[in-house]
Amino acid sequence: MIFGKTNNYYSIEAIEAVLKTINLTVPIEKKHFLILSLLYETGARVNEIIHVKVEDIDLSSNPHIKLKSLNTTRTVSLSNQVTKLIRQHITTNGLLDNQRLFYRALNISCAELCRYLGIYIKRARIKHPNLIPDFDSIRGFRISRANHLHQAGLSMEELCYMLGHKNTNQTKRYIGILYHASS
Numbered sequence: 424m425i426f427g428k429t430n431n432y433y434s435i436e437a438i439e440a441v442l443k444t445i446n447l448t449v450p451i452e453k454k455h456f457l458i459l460s461l462l463y464e465t466g467a468r469v470n471e472i473i474h475v476k477v478e479d480i481d482l483s484s485n486p487h488i489k490l491k492s493l494n495t496t497r498t499v500s501l502s503n504q505v506t507k508l509i510r511q512h513i514t515t516n517g518l519l520d521n522q523r524l525f526y527r528a529l530n531i532s533c534a535e536l537c538r539y540l541g542i543y544i545k546r547a548r549i550k551h552p553n554l555i556p557d558f559d560s561i562r563g564f565r566i567s568r569a570n571h572l573h574q575a576g577l578s579m580e581e582l583c584y585m586l587g588h589k590n591t592n593q594t595k596r597y598i599g600i601l602y603h604a605s606s
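Numbered according to the numbering used here, the sequence shown spans residues 424 to 606.
Derived from the structure by calculation, the hints contain no laboratory data. Mixed in with the good hints, there may be bad ones.
To be verified - Cut-off 27 Å, straight-line C-alpha distance, at most; resulting in silico cross-link-like pairs (DSS-like, lysine-lysine): (1) LYS454 with LYS443; (2) LYS489 with LYS550; (3) LYS453 with LYS476; (4) LYS507 with LYS476; (5) LYS489 with LYS453.
Claimed, not checked - Between beta-carbon pairs, the in silico distance windows are: (6) PRO552 with THR496: 24 to 30 Å; (7) GLY517 with SER483: 34 to 40 Å; (8) GLN593 with ARG510: 18 to 24 Å.
Everything numeric in this text was worked out from a predicted model, so none of it was measured. Yeah, the Cβ is synthetic: ideal placement off N, Cα and C, and Gly gets one too.
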């Protein structure tokens, strides 16, 4: 027997509303926009994004990013919009292949991202109180992407690979599908 359960995740409209609150004329907010866009588009873990190097990104005709977690590496495609943002970021900051994509005097941290995401979510919630759920989670971007791709028909195996899970049961639990053996 299969029981469905909905995890806390953002709708596509909520993700868009959060991203629209970011002021792209402010350099730090533009960087956060790119990070949050990458988190959502790739379904990556925060750790994977903050440690990605320029050499892990291929911006050719088939743009993709290599995401590394512990002993595994996976390749995830990038949209033209995010590819353009990455190119601009690399050029603007004069980054070399062996440098982290999101580096400054100190590496960006998960705590810093969570703090800024909270600010952007609060901004979006003020404008759209009924659209933005009452939880603030950077991991929510990853969970949201997984749920949106599952709803769009991506196979469980493809979703498992994209998320970097070891097996599909882990992915099913992640998107809220609970399997129970029938007695």
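- Item | Unmet hints by their number, sorted upward, for this structure | Of the numbered hints given earlier, those the structure breaks are 2, 6, 7, 8, listed in rising order.
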